[in-house]
Amino acid sequence: MMSNHTPILRTLLLGATIIAGTAGVSALAQVPPADQPPGNGNATVSPGTPTPPQDAFSAPSPNAPQAPGVNAANIPDGPPAEPSEATPMVEQVTANPAHDDWPGYGRDDRATRFSPLDQITPSNIGHLKRAFIYHTGSKPAPGQVNKWAAETTPIKVGDGLYMCSAMNDMMRIDPATGKEVWHFHANEKYDSIPYTAACKAVVYYTSSTVPEGEHCHHRILEATLDERLIEVDSEDGKVCEGFGWHGMVNLMKGMGESVPGFVAETAPPPIVNGAIITNQEILDGQRRWAPSGVIRGYDAETGRFLWAWDVNRPHEHGEPKEGEHYSRGTPNSWAAMIGDNALGLVYVPTGNSAADYYSAMRSPEENKVSSAVVAIDVKTGEPRWVFQTVHKDVWDYDIGSQPTLMDFTRPDGSSVPALIMPTKRGQTFVLDRRTGEPVLPVEERPAPSPGMVPGDTRAPTQPWSVGMPRLGFAPLKETDMWGMSPIDQLYCRLKYRRAHYVGEFTPPSIDKPWLEYPGYNGGSDWGSVAYDEKTGILIANWNNTPMYDQLVSRKKADKLGLMPVDDPNYKPGGGGAEGAGAMAETPYGIVVSPFWDEYTGMMCNRPPYGMITAIDMHTQKVLWQHPLGSARANGPFGLPTHLPLTIGTPNNGGPVITAGGLIFVAATTDNMIHAFDIHTGREVWNDVLPGGGQATPMTYEYKGKQYVAIMAGGHHFMMTPVTDDLVVYALDNVN
Amino acid sequence: MSAFMKPHGAAGWATLLLAVIIILLGLPLVYMGAELAFLGGSLYYLVCGLAVTVAGVLMAMGRPVGGLLYLGACAFTWLWAFWEVGLDGWGLLPRVFGPTLLAIGVALCLPVLRRAEQARTTHVREVA
Chain A
1 MMSNHTPILR TLLLGATIIA GTAGVSALAQ VPPADQPPGN GNATVSPGTP
51 TPPQDAFSAP SPNAPQAPGV NAANIPDGPP AEPSEATPMV EQVTANPAHD
101 DWPGYGRDDR ATRFSPLDQI TPSNIGHLKR AFIYHTGSKP APGQVNKWAA
151 ETTPIKVGDG LYMCSAMNDM MRIDPATGKE VWHFHANEKY DSIPYTAACK
201 AVVYYTSSTV PEGEHCHHRI LEATLDERLI EVDSEDGKVC EGFGWHGMVN
251 LMKGMGESVP GFVAETAPPP IVNGAIITNQ EILDGQRRWA PSGVIRGYDA
301 ETGRFLWAWD VNRPHEHGEP KEGEHYSRGT PNSWAAMIGD NALGLVYVPT
351 GNSAADYYSA MRSPEENKVS SAVVAIDVKT GEPRWVFQTV HKDVWDYDIG
401 SQPTLMDFTR PDGSSVPALI MPTKRGQTFV LDRRTGEPVL PVEERPAPSP
451 GMVPGDTRAP TQPWSVGMPR LGFAPLKETD MWGMSPIDQL YCRLKYRRAH
501 YVGEFTPPSI DKPWLEYPGY NGGSDWGSVA YDEKTGILIA NWNNTPMYDQ
551 LVSRKKADKL GLMPVDDPNY KPGGGGAEGA GAMAETPYGI VVSPFWDEYT
601 GMMCNRPPYG MITAIDMHTQ KVLWQHPLGS ARANGPFGLP THLPLTIGTP
651 NNGGPVITAG GLIFVAATTD NMIHAFDIHT GREVWNDVLP GGGQATPMTY
701 EYKGKQYVAI MAGGHHFMMT PVTDDLVVYA LDNVN
Chain B
1 MSAFMKPHGA AGWATLLLAV IIILLGLPLV YMGAELAFLG GSLYYLVCGL
51 AVTVAGVLMA MGRPVGGLLY LGACAFTWLW AFWEVGLDGW GLLPRVFGPT
101 LLAIGVALCL PVLRRAEQAR TTHVREVA
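Those protein sequence lines, which keep their order, are chains A and B.
Residue numbering for the first sequence follows UniProt numbering, beginning at 1 and increasing consecutively.
Residue numbering for the second sequence follows UniProt numbering, beginning at 1 and increasing consecutively.
Next comes chain A alone, as it looks inside the complex (with noise of 0.2 Å):
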C-alpha cells in the first residue's frame, strides 16, 4: 500500500519540511547524492543461476583483446615472464625514518602514523599558523563532471618534500617554502579516472645497484590511475632509464580487455625485499566477469615481472600465455598495503568479487580470499595465510584501511608480532603476522541466512572481533529516525519500516530494498588507524551511515539505464561504482543510496555521523571517543549552517599522532583540520580548509621548525569543495 508517492504528497511533504523545519537548529551531514531504490513492486526475477541473462546492452567480450590506449604508455609487450625473484634490498629510509622525516605513507615500515616531533603541543597550539599552500595544479577544469579528492599524503625525507597530485604528476617541494624543486608530468587523460582520481602517495626508494651520486639511487616511485609504475630521480625528477621501459612498466599487461577508468592505482605500491607489489582498484558493480584483482611482484630495481597471485589460477605464478589473461572477476585490493622485509610477507586488505552485491557465481577459491587479510610470500606470490573479515560478502564491506604493525604483549609478557586491521564493519581485528591467527579473540556468531536472494545463500557466520572495542553502534530502532520535524522524521521512519532489517548482515533483497548498516563507508575506511608504541595509544575516526540499497531485475536495471563502463553506449554518471551498478552478466543490478531524506539531504539516522576514538591497546579499553565534525559546513538542503556545533561528520582520511601530545585529523566534511589533545580528548586547535581535508595529514620538521601539512583536495562524492592545495602549518613564534 503506498508505494508509490504522488509528486503532489512530494511537494507538500517537502514544503511541510520547510515550514516546520525553517527555524530548526538543523545540524545536520551532508551526504552523497545517489539514485533512490526503487522501492516495492520491483519484479522478482526467479534464476539466481550463473547462466548470464540477456541484457538490453552489448558489451566486449571479456576474452577481448585489449584495444590501443588501454595502455596509456603504450609500451610494448615482450613475451610472457617465468616467475623470478626480486634484487637483493638495501635497508630503505622507512625502517628507521630519521627524526625530522616522514618517509612513507604511514611514515614507517609500520605505518603507525606516529611523528616523535614535539615542538607543537597543546599548550603552544594558538600559535599554529598557515606557513605556505602549494598548488599541485590538478582539479577539474570547467565542463568536466568533478571525479577528484586527491586524499595525498606528502613524505619528506631529508631536504625534500615529495607528493603527488590527484592525476599522479609527481614533484618535490622546499620544505620551509613549498617552492617547486622539480615537477614530473604524468600526461594523464581525463578518461584513465575511474571512480576517483586519487594519489595517495609517493614511494621513496634507494637503490642496491646504482652507486650513490649517480642518477637514479634515490628514486621516487608511483603507481598511477592508467596502470603504470613510474620511477624518476629523486634530485632531478627525471624518469630512470633503467626501470622497465623507459622509467615505466605497463600493469595492463595480461589484464584482457579493458577501457580506461576501470582498472586503476591510487594506494603506494610498498616495496618488500625488493619487491614492488602491485595490486588495483576495479571499478566497482560493472559487471561479474571485470578485469583481474591479480596481485603482483615487480623488481624495484628493474620493473622486470616477478611474479603474480591470481585468485582463479592458484598455483600458476607466472605471467598469462600469449592471448590468455589473469583470471577475471576476482577479489580486487585496492587499500594501502604494508610489507614485512622481516618475515618476507605483504599484507594485502582484499575486496569483493566483481559484481559485489551477488555472490552466486563466486568460485570457492573467491570465496576464501574476499574481504580479507591474506599475507603473501614475496618471494613466490604464494599466499602464506588468510583471514577473512567477512564471509561472502554482499555488502561491500571491502577492506579499505591499511593495515597497522604493532608487537602485541600477551598477558603472560610475551610479545607476538601483530597486524591491526580496521575494517569498514567497524570490527577491528588483531592478528599474529607469522599466521593469520587472531591475537584477541574471535568468534564466529550466527548471521542471517539463507538470505532472500534465489540460489544466493548468506554464510550461517561472520566473525567478530569480540577483544577489541567495537568502531560502532548498536543496531538501528524506528525510534533512531531523525528529522528537522516530526514530518520528516516520520518520513525515515516509514523508510526504515519500508526497507528489510534483521540488524548487521540483513541479506540483499528485490522485493523492497534493505538497510545496510555499517555502511559501506565504514566504521573505518582508507583513512586507516595511528597507534603510538610508546603509550600503546591507537586512534581511529570513523563513519556512521548507513546505506539503503536494493537489487533490481536486469529488466529494471536496463530500463534506469545502468550499464557497465566498457559498455559502447556508456556515459560517464550512468552507473557510477559507489552509486547504483549494471552487475552485468548477473541476473541483477544494484541500486544504492545512503539512507536519508533525499528532500532534505539529511541522514534518516540520529547523529553523530562520524566517531573519534582513543583505545588503550595494553588493557584494549576505550580511553575516550566523541563526535568529530562540526556542523559548520553543513545542513538541511546543502546549505551550511554556519554553527560550530560538533554534530559529528562522515569522515575520509587518517588521523596523525605526535609525541608532542597532538592528534591531527582533517577528513570530516566540515572542511576543517582538527587536533586532539591526546590524553583528554579535548579539541585545542583548529583551523577552516580551502577545500574538504579527505587526506591525512603528517608532520616533519625541517631547520628546527615543526610543520603539519594537509592536502585539502576534497572529495566529489563527500560533496566537499576540491581545490588542488596543499596547507603547510608552522609555529609562527619559532624561527
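In case anyone wonders, no lab produced these hints; they're calculated from the structure.
Since we're looking at a predicted model, the values are computed, not measured.
Heads up, the beta-carbon is just placed ideally off N, CA and C, and yes, glycines get one too.
There's no promise every hint is true.
To be verified - Taking CB as the label site, the calculated pair distances span:
| no. | chain 1 | residue 1 | chain 2 | residue 2 | range |
| --- | --- | --- | --- | --- | --- |
| 1 | A | ASP191 | B | ILE104 | 57 to 63 Å |
| 2 | B | LEU17 | A | LEU643 | 47 to 53 Å |
| 3 | A | PRO640 | B | PRO111 | 46 to 52 Å |
| 4 | A | PRO721 | B | PHE76 | 40 to 46 Å |
| 5 | B | PHE76 | A | LYS534 | 28 to 34 Å |
| 6 | A | LEU639 | B | ILE104 | 20 to 26 Å |
| 7 | A | ASP732 | B | ALA10 | 45 to 51 Å |
| 8 | B | PRO111 | A | HIS127 | 40 to 46 Å |
| 9 | A | THR680 | B | LEU43 | 40 to 46 Å |
| 10 | A | ILE133 | B | LEU17 | 47 to 53 Å |
| 11 | B | GLY9 | A | GLY503 | 56 to 62 Å |
Claimed, not checked - Looking from chain A toward chain B, a few residues come up when the C-beta cut is under 8 Å (computed):
| no. | residue |
| --- | --- |
| 12 | PRO38 |
| 13 | PRO475 |
| 14 | GLU478 |
| 15 | MET484 |
| 16 | SER485 |
| 17 | ARG493 |
| 18 | LYS621 |
| 19 | VAL622 |
| 20 | TRP624 |
Put chain B on the given structure of chain A with help from the hints.
The following block gives chain B in isolation, referenced to the frame of chain A:
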C-alpha cells in the same frame, strides 16, 4: 454563513494563516502515519496527526477549543518524546522543537480565537 472565521486585522489573518499551516502539517502526519501504523511502526504520528489536523480546522473556524486541542497535542508530544528518547537532546530536537514553536504561536492566538467565538455567539444570539 461560512463555517470559517472572518479575520479582522493583522492578528486575525495571522491566526488564520497559523491554522492553515497546522492543517498542512497535520495532513502528511495522518497520511504517512497511517502507513507507518500499517507497517507495524509507531501509532503516535497517526493519532497526533489527526488531533493536529482537527485542531487546525477548528482554529480556522474561529473556535478556541482548536487552539486548546493543539496545545494538548503538544503537551502529549512532550510526554511521548520523553518516553521515546528520555532527556537526549538530539533525540528531542525533531520531536518537540517545531511543535513547541507552533504551540507558542497558538497560545498567542488564543485571545483572537476567543474574540472570534464571542463575536459569533453574540451574532448567533442576535439572530435568534
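Task: Distance restraint hint 47 to 53 Å, applied to the beta-carbon atoms of LEU17 (chain B) and LEU643 (chain A) - done: Since LEU17 (chain B) and LEU643 (chain A) have Cβ atoms about 29 Å apart, the given range 47 to 53 Å is violated.
Task: Given hint SER485 (chain A) near chain B, where the shortest CB pair must fall under 8 Å - done: holds (4 Å)
Open item on the list: For the hint 45 to 51 Å, verify it against the beta carbon of ASP732 (chain A) and that of ALA10 (chain B).
Closed with: Given a distance of about 56 Å, which is not inside 45 to 51 Å, the answer is violated.
Open item on the list: A closest beta-carbon separation below 8 Å is what the hint needs, so does PRO38 (chain A) meet it against chain B?
Closed with: violated (17 Å)
Task: C-beta pair PHE76 (chain B), LYS534 (chain A): status relative to the range 28 to 34 Å that was hinted - done: Because 57 Å falls outside the window, the suggested range is violated.
Task: Verdict for THR680 (chain A), LEU43 (chain B) (Cβ pair) under range 40 to 46 Å - done: For LEU43 (chain B) against THR680 (chain A), whose Cβ atoms are near 45 Å apart, the range 40 to 46 Å holds.
Task: Distance restraint evaluation - PRO640 (chain A), PRO111 (chain B), Cβ atoms, bounds 46 to 52 Å - done: Given range 46 to 52 Å: violated, Cβ gap about 39 Å.
Task: Hint status (Cβ of VAL622 (chain A) to nearest Cβ of chain B, threshold 8 Å) - done: At 20 Å from the nearest chain B Cβ, VAL622 (chain A) fails the 8 Å test, so the hint is violated.
Task: Interface hint outcome for ARG493 (chain A) [beta carbon to chain B under 8 Å] - done: At 6 Å from the nearest chain B Cβ, ARG493 (chain A) passes the 8 Å test, so the hint holds.
Open item on the list: Just to be sure I understand the hint, the distance between the Cβ atoms of ASP191 (chain A) and ILE104 (chain B) should be within 57 to 63 Å; is that true here?
Closed with: holds (58 Å)
Open item on the list: Please check whether PRO111 (chain B) and HIS127 (chain A) have a Cβ separation lying inside 40 to 46 Å.
Closed with: Violated, at about 59 Å.
Open item on the list: Given a cut of 8 Å on the nearest C-beta pair, is the interface hint for LYS621 (chain A) held or broken against chain B?
Closed with: This hint is violated: LYS621 (chain A) lies away from chain B, its Cβ roughly 25 Å from the closest one there, beyond 8 Å.
The earlier numbered hints that this structure contradicts are 2, 3, 5, 7, 8, 12, 13, 18, 19, 20.
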